[in-house]
Amino acid sequence: MSPESHAGHALAPVRTSLEPTAETAPAAPAADAFEAARLALLRDLQLAFRKRSQLIQPLAFFAMVTLLFPLAVSPELSRLRELAPGVLWVGALLASLLAVEFLFRDDAYDGTLEQYALSGQSLTALMFAKTLAHWLLTGFPLALMAPLAALSLGVSASALPGIVAAVAVGSVTLSLIGSIGAALTLGIKRSGALLSLLTLPLSLPVLIFGARATELAIHGAPAHAPLELLAALAVLGTTLAPLAAAAAVRISLE
Amino acid sequence: MADQTLEVENLHLWRGEHHVLRGVHFALARGACLEVCGANGSGKTTLLRTLCGLIYPEDGRVLWNGENVRRDLRAFHAALAYLGHEPPLKSDLTARENLHYWIGIRRQLSAEELTAALARVGALSFCERQVRTLSAGQRRRVALAGIALLAVPLWLLDEPVTNLDAEGRELVAGLIGEQLARGGMVVAAVHQGLPPSVRNLTRLELAA
Amino acid sequence: MTWTWFHRLASPPYVYALATRLTPWFAWPAALCILAGLWEGLVLAPPDYQQGDGFRIIYVHAPSAWMSLMVYTTMAIAAAVGLIWRIKVAHAVAASCAPIGASFTFAALVTGALWGEPMWGTYWQWDPRLTSELVLLFLYLGYMGLRAGIEDTQRADRASAVLAVVGVVNVPIIHYSVTWWNSLHQAPSVMRLAKPAMPLAMLVPLLLMLLGFTLFFVALLLTRLRGEVLQRERAASWIREVVSA
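Residue numbers (our numbering), protein chains in the order written: chain A, 1 to 254; chain B, 1 to 208; chain C, 1 to 245.
Don't read these hints as lab results, they were simulated from the structure. Backbone N, C-alpha and C define an ideal beta-carbon position, used for all residues, glycine too. Some hints could be false.
Claimed, not checked - EDC-like, lysine to aspartate or glutamate: derived pairs with alpha carbons at most 16 angstroms apart: (1) A:K51 <-> B:D92; (2) C:K88 <-> B:E17; (3) A:K189 <-> A:E228; (4) C:K88 <-> B:E58.
To be verified - Sample of chain B residues lacking proximity to chain A, with all beta carbon distances greater than 10 angstroms (derived): (5) V62; (6) N65; (7) N68; (8) H77; (9) E86; (10) E97; (11) I105; (12) E170; (13) V190; (14) P195.
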């Protein structure tokens, strides 16, 4: 076994021809956490718009899933209307799952995630910014698309605002939960199935409350209770999920 | 400002069953550069990542200005710049945009500073092209511009001169020299050694 | 001084020796309790006035369900300890808990289905308890899947620890939402035996079985833990002494 060798110990500052000049303070004040998060958000949005073709993939998937049910079950609108809450939410859940796989993938691959962890800024805040960007690019468009899918399943127009609200709020939590799963499975090859296995059980409450809110909206009944529960989940997710995702990211960088 | 020092005391690290870092011990003062040498697999990258605080050693400590970095890891990170093998650039953004985000997340950056840094590394001619269109050497220059822009006292560079031509190697040497002249510190993991124009150099050999 | 026991617990050779010594102290009482509980429950206790003899499966179903949840909580606590204080043995404990907990969950599901069949006519109903157990099974499978998917043991430990903690926070939320969902749709549930009205003759064997299952879990955990520690420390020198002894 070759012997170990170390450098010498305390190096006295050797005066060379290069005299140290000014103190090495940062040239400008450090950015605060809000500014850092804002830039992280803008970066992800700008990146997404450079690859616009990829933006519609989750939406196209959602539309496809919705289309499957009339073909597989029956074209009768009355039957489809009964299934509509389930179809919409399962579709939204799966589309969100599909999209979240790529939340950290590229950043982990090209080293920018590592730079986030070494930025001296709160990694939790940066994770939240990334997840928010992700929601703006997938969950929010899904919420806007949901009315179209609902109409195709025989839902009356009066129910649409309630559906948009439910999907918009619920998809926030789905993105947050998905970010935890995506961070945990970083670096695992072919992790799609594992990601689903991790994320879906945790997303069940959103599915339950969201489908219930949609069902009430379709029947014209007030949907306050499940909507408030959805909002509560979103708030809980916002406070806890970025923390867990940051911890998972640090673990993947070890 | 207190004398900035980086001290590493008796670092031990295992990767699985492999004893990668075996009692690494050194101290680095202002204006000094440490060259970490070793064959592939000897733990150069692991050492740098442990210094950053990304990896947790089984034994030993890293001290920044006399304090254990674990006490305030974020403050330590705010004082260091780490450059891995691959430049941390998004291929769909231009060089300028990349630096705008990378540096902006850490500190306020003016457009003039950005342009000056790009000029220093000779990247002005291609800074408005998407990074995916740049060669490896060009990307490395942009990354070096970023490191210089961060304006932090400690640089941790992993293989900064590998795969660079003579001009590129001199650029790296020049940037390191400027950093040392400012009173900064550089720890560089190298395969073949830094260019001889870098002064105040100490070597640390890692056995495989 | 008082922390030495804590530090010793973090030492793999010590834990291995401790686990070896303690296992029989849990295994034998577990066997006794379970046999006693089964005897009392299956033979001595009177049949339920409503369900006849079919209810007796509760003596396996209820402890299994209870253990499935208790083991998950234990796993999450061990994982959290390993995560926060970086104690590798704690991660070994969590890893050992997972298959045991998954088995209890599976047993609860199977016995629940067997119980339900004479009552409902079908082997499955979406009652809140069974549905929650099913979700718990997926949580276990996810945990084990994540561990299996990451090659580096240390990283697998830490990532699955985060998952376990996230899971344990979610379990009450999931349970609440499933119960809420179920109450909307009024699915039948036969799992509710009136607890205050449960006669002592039924309660005693149930508690015996619960105690027996808990002791059984600890015995199993200690056995698995020994294997887990051996596996993780296989390159260490103290292993050779243990194996040759």
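So is B:N68 really clear of chain A, every C-beta pair being over 10 angstroms apart? holds (17 angstroms)
Separation of B:E97 from chain A, once the least beta-carbon distance is taken, above 10 angstroms: With a cut-off of 10 angstroms, B:E97 comes too close to chain A, as the shortest Cβ separation is near 7 angstroms.
Assertion that B:P195 lies outside the chain A interface [Cβ separation over 10 angstroms]: Holds, because the least Cβ-Cβ distance between B:P195 and chain A comes to about 15 angstroms, which exceeds 10 angstroms.
Does B:V62 sit more than 10 angstroms from chain A, CB to CB? Holds, because the least Cβ-Cβ distance between B:V62 and chain A comes to about 14 angstroms, which exceeds 10 angstroms.
Given the hint that A:K51 pairs with B:D92, does the C-alpha gap stay at or below 16 angstroms? Holds. A:K51 to B:D92 sits at ~8 angstroms (cutoff 16 angstroms).
Going straight from one Cα to the other, do A:K189 and A:E228 come out at no more than 16 angstroms? Violated - the C-alpha atoms of A:E228 and A:K189 are around 38 angstroms apart, more than 16 angstroms.
When you check the alpha-carbon spacing of C:K88 and B:E17, does it fall within 16 angstroms? holds (14 angstroms)
Non-interface claim for B:I105, where every Cβ of chain A lies beyond 10 angstroms: violated (4 angstroms)
Holds or violated: C:K88 to B:E58, with C-alpha atoms at most 16 angstroms apart: Holds, at about 11 angstroms.
Cβ separation check - B:N65 to all of chain A, threshold 10 angstroms: Since the minimum Cβ distance to chain A is about 12 angstroms, B:N65 lies beyond 10 angstroms and the statement holds.
Please verify that the nearest CB of chain A lies beyond 10 angstroms from B:E86's CB. Since the minimum Cβ distance to chain A is about 5 angstroms, B:E86 lies within 10 angstroms and the statement is violated.
Whether B:H77 stays farther than 10 angstroms from all C-beta atoms of chain A, as the label says: Answer for B:H77: violated, closest chain A Cβ roughly 4 angstroms.
Hints 3, 8, 9, 10 and 11 from the earlier list are contradicted by this structure; the remaining hints agree with it.
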